[in-house]
Amino acid sequence: MLGRFRLEEPEKLAEASELLGRYGESAKIYAGGTELLLAMKEGLVRYERLINVKKLGLNQIGSENGALKIGALCTHRELENSPLLQQRLPAFANLEHHVANVRVRQAGTLGGNLCFAEPHADPGTLLIALEAKMIAARGESTRAISAEAFFVDAFETSLAADELLTEIHVPAPDSERKCAYLKFGYLERPSVGVGIALSLRDGGVSDVRIAVGCAGPAPRRVPEAEALLSGKSKDEATRNLGQAGAIAGRASEAISDLHGAQDYKEHIVGVLLKRAFQSAVS
Amino acid sequence: MALAARRQDRQTIPVSFTLNGRQQEIDVEPHELLLDVVRDRLGLTGAKRSCDVEVCGACTLLVDGRPVSACTTLAFEVRGRSVLTIEGLAENGKLHPLQEAFIEHGGFQCGFCTPGMILAAKALLDENPDPSEAELKHFMHGNLCRCTGYKKIIESIMAAAKKMRA
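The listed protein sequences correspond, in order, to chains R and Y. Number 143 in the working numbering belongs to position 143 of the first sequence; there are no gaps in the numbering. Number 1154 in the working numbering belongs to position 154 of the second sequence; there are no gaps in the numbering.
Hints may be right or wrong, so weigh each one.
In silico lysine to aspartate or glutamate, EDC-like type, Cα no more than 20 Å apart, as pairs [said to hold, decoys possible]:
1) R:41 / Y:1040
2) Y:1137 / R:188
3) Y:1152 / Y:1133
4) Y:1152 / Y:1104
5) R:41 / Y:1036
6) Y:1137 / Y:1155
7) R:41 / Y:1029
8) R:41 / Y:1077
9) R:41 / R:118
10) R:55 / Y:1064
11) R:54 / Y:1029
12) R:234 / R:202
13) R:28 / R:162
14) R:41 / Y:1052
15) R:54 / Y:1077
16) Y:1163 / Y:1127
17) R:55 / Y:1077
18) R:55 / R:11
19) R:54 / R:18
20) R:54 / Y:1064
21) R:28 / Y:1077
22) Y:1137 / R:80
23) R:69 / R:131
24) Y:1151 / Y:1130
25) R:28 / Y:1029
26) R:55 / R:162
27) Y:1163 / Y:1130
In short, the hints are calculated from the structure, not lab data. Predicted model only: the values in this text are computed from it and were never measured.
Next up, chain R with everything else stripped away, as it sits in the complex (with noise of 0.2 Å):
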């Protein structure tokens, strides 16, 4: 059973962002539910107010100028589905296609998904790959965070208490840039991930783009282990994958818990990196 609250649904983004300023911490987002619910339901939190932004359209996926502006609520099952994705984005068209299960990508959205930042979640590890930025709104102002910056730690992202995600952009791929994401888990949910993005011309890699997610309290990018690949050519940085996987490994901040001890899961960070480099190139 869930503790009473009461509901708000603004119908205008100003008036989302009036509510959360008015109501402060006694009130919370709510969009698909699937975390917010869960977390409810177990008593770990409690709200006065739930503000359903499901009114506010925020769920359109469009291009501009190339760059993919993804709505917040989109929920997963839309993104999985969405033609101008599978085209444009494959892997992250299919990194939503095997988040949780078909009913939890029915109600779930992405951008509840990326705010309620579960560590054991896997779109915002490709989207730091990708380079992406969350487009944050408060009042009539908005403001871009870039992926790498917006996971702080476990359950706590960079928004402000009165700030409200809308879309996420995505910049245009261009054909030489490949990307994958891989993940590893046998519980219900994920317990390492990691996605690459690479420019491969001329056998030579460059522009590499890693970062490590699930395993510690928030997906990281991984700076030193890019430098092993970036600039390289492909042999070479093949060559390079065991060290690369190790720092990625270490900078994931893998902790021992059910999923896992805290080595296997970064010796699992170095295999998926391997595995993931190598279907990028291919």
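Assemble chain Y onto chain R, guided by the hints.
Positioned in the frame of chain R, the structure of chain Y alone reads:
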């Protein structure tokens, strides 16, 4: 007096929806869960509370033809929508091909997961009438069964799909 006044304070949301093809009008409080409303207020106990964390699928209902975890859906969210429970699947006593297939192919033992299993399968086949086994398994991934080992469930769904395509 004070109690009545407090009750007046409680927010209720009118929910107009179709349930198994029939129009319903109920008032719900924001915090009421769909599973509780369907089971306790509407007396339809086919959907089960099992894991309560959207993992097992025993509470699966179809809302606008799509599977949801009723245990983690706020009841007011079905306003203006159509809800299908297992009780609404047979029409005038005639079983749905999925129900017939589950019987014919032994797709259930204790039957606890079965309402959710059949509704999820219906959503799958309505969307994809000719799924590959891989597609079927992916869609049904979130419906757990502790009895059958899944083989007969897959056979039942595939058999129903074949019958429904004919």
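Comparing the hints with the structure gives:
1. R:41 / Y:1040: holds, 18 Å
2. Y:1137 / R:188: Measuring from Cα to Cα gives roughly 16 Å; hence the hint holds.
3. Y:1152 / Y:1133: Distance ~13 Å between residue 1152 (chain Y) and residue 1133 (chain Y) Cα, so the pair holds.
4. Y:1152 / Y:1104: With Cα atoms ~10 Å apart, residue 1152 (chain Y) and residue 1104 (chain Y) stay inside 20 Å; holds.
5. R:41 / Y:1036: Cα-Cα ~13 Å, so holds.
6. Y:1137 / Y:1155: holds, 11 Å
7. R:41 / Y:1029: holds, 16 Å
8. R:41 / Y:1077: holds, 17 Å
9. R:41 / R:118: holds, 16 Å
10. R:55 / Y:1064: holds, 18 Å
11. R:54 / Y:1029: At roughly 18 Å apart (the allowed maximum being 20 Å), residue 1029 (chain Y) and residue 54 (chain R) satisfy the hint.
12. R:234 / R:202: holds, 9 Å
13. R:28 / R:162: With Cα atoms ~10 Å apart, residue 28 (chain R) and residue 162 (chain R) stay inside 20 Å; holds.
14. R:41 / Y:1052: Cα-Cα ~9 Å, so holds.
15. R:54 / Y:1077: This hinted pair holds, its Cα atoms lying about 10 Å apart.
16. Y:1163 / Y:1127: holds, 16 Å
17. R:55 / Y:1077: holds, 12 Å
18. R:55 / R:11: Judged against 20 Å, a Cα distance of about 5 Å means the pair holds.
19. R:54 / R:18: Distance of about 16 Å is within 20 Å: holds.
20. R:54 / Y:1064: With Cα atoms ~17 Å apart, residue 54 (chain R) and residue 1064 (chain Y) stay inside 20 Å; holds.
21. R:28 / Y:1077: holds, 17 Å
22. Y:1137 / R:80: holds, 17 Å
23. R:69 / R:131: Roughly 13 Å separates the two Cα atoms, so the pair holds.
24. Y:1151 / Y:1130: Given that 20 Å is the threshold and the Cα spacing comes to 18 Å, the pair holds.
25. R:28 / Y:1029: holds, 17 Å
26. R:55 / R:162: holds, 18 Å
27. Y:1163 / Y:1130: holds, 11 Å
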